[in-house]
Amino acid sequence: MRRPTIVLEFDRAIEPRSVSNIALHDGNRASVAIGPLSWLSDRRLTFAPLVPLNSNSRYEIVLPTGIESVTGERSAHRMTASFDTAPTTPPRGLSNLGNTCFINAVLQLAVHSTALDDILSNAAVDSDVRALLDRYDAATASELDERWRAAVAALRALPSFNGNGPGYTSDVLAALQMPLYQADDADAIRYAPPTAKAFRLTGMPLSYAALPNHDRLVAFDYSTGGHYIAYVKRDSIWYRVDDGLVTEVTEQQLSALPAHNHQNALAIEFAIYR
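For what it's worth, my numbering labels the leading residue of the sequence shown as 9, then goes sequentially.
Worth double-checking, as some hints may not be accurate.
[To be verified] Cβ-Cβ distance ranges computed for the label pairs, FRET-style:
{"#": "1", "residue 1": "M212", "residue 2": "S26", "range": "39 to 49 Å"}
{"#": "2", "residue 1": "L58", "residue 2": "R100", "range": "23 to 33 Å"}
{"#": "3", "residue 1": "R37", "residue 2": "D193", "range": "33 to 43 Å"}
{"#": "4", "residue 1": "P174", "residue 2": "P44", "range": "19 to 29 Å"}
Derived from the structure by calculation, the hints contain no laboratory data. Just so you know, even glycine gets a beta-carbon here, dropped at the ideal spot from N, CA and C.
Using the sequences plus the hints, can you model the full thing?
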């Protein structure tokens, strides 16, 4: 789940300087890091977690004692509020509009990447593409289809794309300006700096089984040789996204994927970690 903006509303006007050290805890009472507080009014403030929240989970907000109203009243006890995140939903397929499987595969990777928020805030990325990524989970089926068609048209108009013909996943990633780290082998991923989250596999082909750090792996593309598929993970469940068809897959099925496709080329080109 993405990092939502959380809004707290008080029943009276509050002195902003009296509010600090707000804590956010998950269901196991573990602390969740949050960003700076932002006041919308003297009764409403917002903040956002710095890490994605789990789906179908309960979180608790804890406010310290000593919060002061503008009339001088002070809270004598801690205040708490809890909320539940939405249940896990499968990823959403995007219909093939004619040689669009490579675009679909990359956009599926982007949706499940920690780079998503940076892409959405990057004005250099086409607005139709950003709108699709932003509304991916919340849009109705008809809205999603409309935004998908607009995003494809915007990408097709770029000079690096071959009109309506087949294309390269690397061109889509370049259009999204997603930072990529070259990985010649599994160790290049295993010992990469913590900031490295998206890898382009450039050496010996790696199968899913050979990719390291499965606990942090959230998505990868898969080229069958002429067709692209995305594999994405949501709350520990893996899905195969083949254009508009989304199916749940097991660890055994993933481990059975060969490192080479039928053209004897590498099948996995990009691996996304959290």
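Status of each hint after checking the structure:
Our hint of 39 to 49 Å for M212 and S26 is violated, since their Cβ atoms are close to 59 Å apart. For the pair L58 and R100, the beta carbons lie near 26 Å from each other, so the given range of 23 to 33 Å is met. Roughly 40 Å separates the CB atoms of R37 and D193, a value that falls within the hinted 33 to 43 Å. Separated by about 45 Å at the C-beta atoms, P174 and P44 break the suggested range of 19 to 29 Å.
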